[in-house]
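Protein chains: 2
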Amino acid sequence: MYRPEIKVLDCTIRDGGLMNNWDFSMDQVKRIYQALWEAGVDHMEIGYRHDKEMFPPEKSGPWRHCDEELVHEVVTSAEEVEDKERPRIAVMADIGKSVESDFTLPAAESAVDMVRIATYAKDADKAVHFAKHCKDLGYEISINLMSISHCTEFELHEALQAMVESPADVICVVDSFGALYSEEVAYLVQKYQKYVADRPIEIGVHMHNNMQLAFSNTIEGVIRGANRLDGTLYGMGRGAGNCCTELLLSFLKNPKFDVRPVLSVISDIMLPMREKIEWGYLIPYMVTGSLDEHPRSAIAWLGKPERNDFTTFYDKMREGVPIS
Amino acid sequence: MYRPEIKVLDCTIRDGGLMNNWDFSMDQVKRIYQALWEAGVDHMEIGYRHDKEMFPPEKSGPWRHCDEELVHEVVTSAEEVEDKERPRIAVMADIGKSVESDFTLPAAESAVDMVRIATYAKDADKAVHFAKHCKDLGYEISINLMSISHCTEFELHEALQAMVESPADVICVVDSFGALYSEEVAYLVQKYQKYVADRPIEIGVHMHNNMQLAFSNTIEGVIRGANRLDGTLYGMGRGAGNCCTELLLSFLKNPKFDVRPVLSVISDIMLPMREKIEWGYLIPYMVTGSLDEHPRSAIAWLGKPERNDFTTFYDKMREGVPIS
Numbered sequence: 064m065y066r067p068e069i070k071v072l073d074c075t076i077r078d079g080g081l082m083n084n085w086d087f088s089m090d091q092v093k094r095i096y097q098a099l100w101e102a103g104v105d106h107m108e109i110g111y112r113h114d115k116e117m118f119p120p121e122k123s124g125p126w127r128h129c130d131e132e133l134v135h136e137v138v139t140s141a142e143e144v145e146d147k148e149r150p151r152i153a154v155m156a157d158i159g160k161s162v163e164s165d166f167t168l169p170a171a172e173s174a175v176d177m178v179r180i181a182t183y184a185k186d187a188d189k190a191v192h193f194a195k196h197c198k199d200l201g202y203e204i205s206i207n208l209m210s211i212s213h214c215t216e217f218e219l220h221e222a223l224q225a226m227v228e229s230p231a232d233v234i235c236v237v238d239s240f241g242a243l244y245s246e247e248v249a250y251l252v253q254k255y256q257k258y259v260a261d262r263p264i265e266i267g268v269h270m271h272n273n274m275q276l277a278f279s280n281t282i283e284g285v286i287r288g289a290n291r292l293d294g295t296l297y298g299m300g301r302g303a304g305n306c307c308t309e310l311l312l313s314f315l316k317n318p319k320f321d322v323r324p325v326l327s328v329i330s331d332i333m334l335p336m337r338e339k340i341e342w343g344y345l346i347p348y349m350v351t352g353s354l355d356e357h358p359r360s361a362i363a364w365l366g367k368p369e370r371n372d373f374t375t376f377y378d379k380m381r382e383g384v385p386i387s
Numbered sequence: 064m065y066r067p068e069i070k071v072l073d074c075t076i077r078d079g080g081l082m083n084n085w086d087f088s089m090d091q092v093k094r095i096y097q098a099l100w101e102a103g104v105d106h107m108e109i110g111y112r113h114d115k116e117m118f119p120p121e122k123s124g125p126w127r128h129c130d131e132e133l134v135h136e137v138v139t140s141a142e143e144v145e146d147k148e149r150p151r152i153a154v155m156a157d158i159g160k161s162v163e164s165d166f167t168l169p170a171a172e173s174a175v176d177m178v179r180i181a182t183y184a185k186d187a188d189k190a191v192h193f194a195k196h197c198k199d200l201g202y203e204i205s206i207n208l209m210s211i212s213h214c215t216e217f218e219l220h221e222a223l224q225a226m227v228e229s230p231a232d233v234i235c236v237v238d239s240f241g242a243l244y245s246e247e248v249a250y251l252v253q254k255y256q257k258y259v260a261d262r263p264i265e266i267g268v269h270m271h272n273n274m275q276l277a278f279s280n281t282i283e284g285v286i287r288g289a290n291r292l293d294g295t296l297y298g299m300g301r302g303a304g305n306c307c308t309e310l311l312l313s314f315l316k317n318p319k320f321d322v323r324p325v326l327s328v329i330s331d332i333m334l335p336m337r338e339k340i341e342w343g344y345l346i347p348y349m350v351t352g353s354l355d356e357h358p359r360s361a362i363a364w365l366g367k368p369e370r371n372d373f374t375t376f377y378d379k380m381r382e383g384v385p386i387s
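Residue numbers (the numbering used here), protein chains in the order written: chain F, 64 to 387; chain P, 64 to 387.
If we strip away everything but chain F, and leave its shape as in the complex, we get:
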């Protein structure tokens, strides 16, 4: 029997936005919200809320800041879907790039329902502070600990201890570099569970596809007890991209999930976008994933005329030569 606790969060606009500078049209975002509602998706992460002083609004599409009115327009425009709850709206805050003073409206008055706080282990205490601030306003909270494949055991221990003592509803295992194999995912989810113990905190998984393991690692997370699953439509996301939401919807057994409504969105929005913007399995991303390196080197390499000289790229990565 399926686990009714399992929830899907689609972060196409937020993570995909890293590839198109958050330049989605209002119509595209509305259409995706409607399709996700029909598909039974539980959360839609509609963008970042980055600080406007650090990241001036004129330099990106609006989903980098997710002003209240913008989000409000999306959720109020949708047509109700019978027998399905609407997707809850999440925005992401980044420690070091977002400020608590941009979160002042109580959740009850906001079109946003959830704040996901992305942090490195060293900033876990800052993330916890941010989490308390938003929780006091009534938001559902996730803390997403990034780059864990570069954390020492002690760093991870300290961060986990801080996170589980925070008011977070979810803590998320994030494979930032697409470097994890299934056995490591199993190990990490089980480790997170030990810290959570009997607290009412769910474990989430956010996987990248550098080695074509994003979907299978998400399933591994499910097998080990993770109940919050991240995906993006057609895998859109930085570098090699993410676990595909359509694969999650095909896989999960809860009858409320239905892949059909997202198929036309993939046809009409994601395919034309993929023609213009490159994400997915490409050898330089495979190389950085398999070497447990940040994809930025691969992204930089793919912008060069010699982009398809994979041997040279591999040699440089092995030698630790910076690529920019």
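Identical chains share a label here; the pair holds if one copy fits it or two copies do between them.
Think about it this way: if two alpha-carbon atoms lie no more than 25 Å apart in a straight line, the pair counts; the simulated BS3-like pairs of lysine-lysine are: (1) K367 x K339; (2) K319 x K379; (3) K122 x K93; (4) K316 x K379; (5) K319 x K147; (6) K115 x K93; (7) K254 x K70; (8) K198 x K257.
Keep in mind the hints are simulated off the structure, nothing from the lab.
Once you've looked at the hints, dock chain P against the given chain F.
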């Protein structure tokens, strides 16, 4: 510690040949053989040996028939690689499409080392007969049981019983439709192991990528004890393609494996080929995989002008409408 028994077979020319009608040039095949040798790959499946009466040679490239002289030219042209054994050469025989009379040369006199026999469960006894014939000539033998996701338990039982009593050196779990999830792979590999018991038969895995699970399912096979792993360069293969050989080479810990030598082959041969021929993760393949259907419907759909209307394709597949 790594398992020295784990061997990699690259079937780019054989399975990839399904996509380009086995139209690889001699230079391409030689270059791939050399790179696989340098990479430590154990076997190279260099094509089919299909019956020339059924499949006239003028209608396809030469790797559909793999004449002795052809294979001989490939292996004798290679430069020796220090400290590495050369890849053993496999050809595939298909029950119903290949004939025993095309295998007459003793293995000791042939450039071919291994015969892999592809069969459906219903033809398992024919495959065993074929296996005996080739084993008597001295070839290493694998029996690859296809379409197992459509087999009843009893069909699988009968086929497995016949196979383990044959002279096969390897029996291979083949996910023809790219429909298996990791738990099913674990179940099947463990089931095959029970039949093998203490016989000297290795278990192989041959996975397709319809749901982006080919690599992870291969790893799952390894975890459960499979020692023979199939891959193709850049995943080239029918429909969604295969487990990528480069991912296997990055993953496996045996020091003899090295991904570097195949990277330039991917740059120079596979990328230009992928520009002309379409394989990999496409939504119609995802749909057939998730519905446990043969990819032929997806291949047919992708040849139509309405190829990107995924909703209509999905509806037809759900209704069981034939697509041709």
